[in-house]
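Trainee: Keeping their order, the protein sequence lines are chains V and Z. Going by the working numbering, the first sequence opens with residue 1, and the numbers climb by one from there. Going by the working numbering, the second sequence opens with residue 1001, and the numbers climb by one from there.
Any given hint could be a false lead.
Simulated restraints on C-beta separations [claimed, not checked]:
(1) Z:1013 with V:64: 29 to 35 Å
(2) Z:1052 with V:109: 45 to 51 Å
(3) Z:1015 with V:30: 26 to 32 Å
(4) V:66 with Z:1069: 30 to 36 Å
(5) Z:1065 with V:51: 19 to 25 Å
(6) Z:1038 with V:45: 17 to 23 Å
(7) Z:1096 with V:16: 39 to 45 Å
(8) V:54 with Z:1079: 39 to 45 Å
(9) Z:1015 with V:14: 45 to 51 Å
(10) V:50 with Z:1030: 16 to 22 Å
(11) Z:1012 with V:67: 15 to 21 Å
(12) Z:1079 with V:50: 45 to 51 Å
Quick caveat, the hints were computed from the structure, so don't treat them as lab data. Computed from a prediction, not measured in an experiment: that's the story for all the values here. Just so it is clear, CB atoms sit at the ideal spot from N, CA and C, and this is done for glycine as well.
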Amino acid sequence: GIQVEQSPPDLILQEGANSTLRCNFSDSVNNLQWFHQNPWGQLINLFYIPSGTKQNGRLSATTVATERYSLLYISSSQTTDSGVYFCAVPLSGGYNKLIFGAGTRLAVHP
Amino acid sequence: EAQVTQNPRYLITVTGKKLTVTCSQNMNHEYMSWYRQDPGLGLRQIYYSMNVEVTDKGDVPEGYKVSRKEKRNFPLILESPSPNQTSLYFCASSSYRGEQFFGPGTRLTVL
């Protein structure tokens, strides 16, 4: 089945720093989602981005479907950005079943 | 507000005591599913439903039941919970092939 790999696994930032998270996937996909799991465990939708670039405030994402990767950019990080960031892609023929990467655990210190 | 709701958010129970976790969505989505999240194992799909009265097993269905009698609701039933079902549970919904939205999660502890 499709493999989803995220890097780096852990990231520590000082408040105000920028970062790039990467998601590689092993097969072609028709969509990709980025989520933020906050310290309370909630999964927050960040982006639904099959291809191209989207921006939402300090966050932006780019998916290059032909090269099978997606990037999540966090600019001017804040302590509230802490948590785990997941990318997920649907399993082909899997009726919207999402395959999640292992996540990038981000800690932003003041 | 478009959302997926789950109840209860937290539950501590004992082995063998039947329980139901409710899930409801107000986006008229056809597709709903349940996942569990465990340390080191990530999120794994338990059951999914393509529409009313259509359900199927995911990757880890043992010990769980579901039903889809109405489009908006997709309850997860544990007939006889065991400690290995202690986990963080998420309900999700989407239109077919569309963006998935997750509920806030239910932390279940089975003693």
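Trainee: Among all the numbered hints in the text so far, which are the ones the structure does not match?
Mentor: Of the numbered hints, 1, 3, 4, 5, 11, 12 do not hold.
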